Amino acid sequence: MMEGQDRFAAAQELFEKGDLEIALAAFVSIAGDARWLARCEIYIARIVGLLQSRLERGSEEWQRLESVLMQVQGRLEKVALPRAASRPRPAESASRPRPRSRLLVGTKEGPMPSLARTSDFRVERTPHIDVIRDSPLEPDDRFKIRVYLDKLPMRPGEIGQGIAAPAGTRIEMTLVASSQLAILGPDSASFILNDVSGVIELPLFELVVRPKAEWQSDGAGVIAIFFIDGRPCGKVSRRIPLGRVDAATDATVQRIVVVPNGVVPADLTVTVVADIINNGRQFQCTVTTPHIEKYSQAKAQPWNLSDSTSAVVRGYMEKFTSASTGPEQLIDELNGAGKKLFDASPKLFQEVFWALSDAGLPLRSIAIVSEEPYFPWELMIPRRRSKNGLEEFEKSLGVLFGVGRWTSPDIVSPTRDIELNDSFVIAPNYNGRGDLRNAAAEAKMVASLFDGEMISPASFAQIRMRLLGQARSLIHFVCHGNSAAFENQSLRLEGNEVLTSSSLIGINGLAKIFSAKKPVVFLNACEVGRGIPSLVGLGGFAPAFIELGASAVIAPLWSVDDEIAHRIAEEFYREVRKKPSVPLSRIFSAIRAKAYVEGKDTYAAYCFFGDPLASMAESRTILPARPGG
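Residue numbers (the numbering used here): 701 to 1329.
Bear in mind the hints are in silico, worked out from the structure with no lab data behind them.
Pairs of lysine-lysine residues, derived as PhoX-like cross-links and limited to a Cα-Cα distance of at most 20 Å, are as follows:
(1) Lys-1047 x Lys-999
(2) Lys-1278 x Lys-1144
(3) Lys-994 x Lys-1047
(4) Lys-1095 x Lys-1040
(5) Lys-1300 x Lys-1019
Just so it is clear, the structure is predicted and the values come from calculations on it, not from any experiment.
Taking the hints into account, I'd like the entire structure generated from these sequences.
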């Protein structure tokens, strides 16, 4: 087995480096082993699509690549048939026979006409939870809940997100419960999303009310989280009345989001949802990895902290931002905070991380889809106590791996479709009052690389007018960030005006504009003559731009040095143009590593909000979900 793991890891590395032809041959060779076939098939499909996008459709080479993919998919179907026959069929198994998986690619002139037809096969369903119990529940009471999907809107008491995916997609569901409740028996199920069944029923789940001594909060409830290919695609939650009937909350009306599916999952995916009481310190965490059978379907566990996550993060980072911290000690404090943050991370995440590490299994990408906006996962430094004493990594997760965070109340994974072809650049002129020395050069660089236009003057009214007037694929800010408010960051504009996350969300019509191009947003919030870093937080802008429809957000967690920030922007955009197949998160891994070599904290400050495998090349290929899974 180790030989297969090593070969698969080597093929992944070739793919990430952009050696597509060699990587294709490697994956095809490994796919000869049925144990690795399913994982290799997804990579093969992506590579074939990328290579075909450079060729004339229907050419001899184009057809050869298509033949390679069809052969591998045919082999996969032969292997899957015996497995499918041995599995219990889901409740809606009377659905139509599943169609053959196809790869849709674009030509040099753009997407093929058939690409638009994929929406015809999209199925939308709303998840619901029913509590099968007439009277309020008391400790030791057993009860059942019903999880199902239909075409009706969410009801009072339900909060969540509708699911949309191509017909035939296999959906996995994991149920999590608050501290007052225990799930008896299975906590997960899977089903096929089809356009025949109006109602899709999952098996009933049995729960029991724990003794009051074990309750860690007042509000009780359950959350059903849905996944496609191990990537979260929606949820529904419901309160459970204990002792008395809790007041029902109004359903949150969510827009339907077409979730990413049929793509290679991250090596490790972590989903964090707020506990039903939503007090900022109690969460439910699920973890999944395609490399270990035990965790191939999401496992769930509570994640409880002693204080709100914003307070915990601020506490761990306060020494790092202290005026008495010298330059050398600053990096030591950053390392120390990283180790403490890992200790405070969900125990289930630590368990799966060490299982992957101990087995020498592939671990290059980590996806965090979370309702919790503050925890800086990329700064964590793994450590544990074992029979060999204290084991700890020398570098942070964000240096060793491609880490992509996504702050989403919908618990829907971000897109991998990244385009950078035109831009707006916002670089305020402060008229000598704290001007950023490199702002003009940086603005000119971005504008020249990505068909950019400066928004001038950089006032709130002008920015509002221009953003509402035209959709662009990149919005780059180079300005001052306000470090006074950790939870609600603001950016300083011209004329003593500021742009806040709340004012951004308040611009009517901006979400519709963002949805047209799903822009990348780069917030380069600098500070002139910075003596020490100051926390600027990400609790405001990152979630705001994500809510509006950005495909990725890049922003510093603390105030950064103007000179180094400019070099980081130059390196990022240079690498994006030079190596379009390299994930954006890996570009920041290389940038972040310099902090631990040069002793410059600014290199470690930048967070990447997006899919850890998103790249410029990803936008050229669309791979529908493999029907039936």
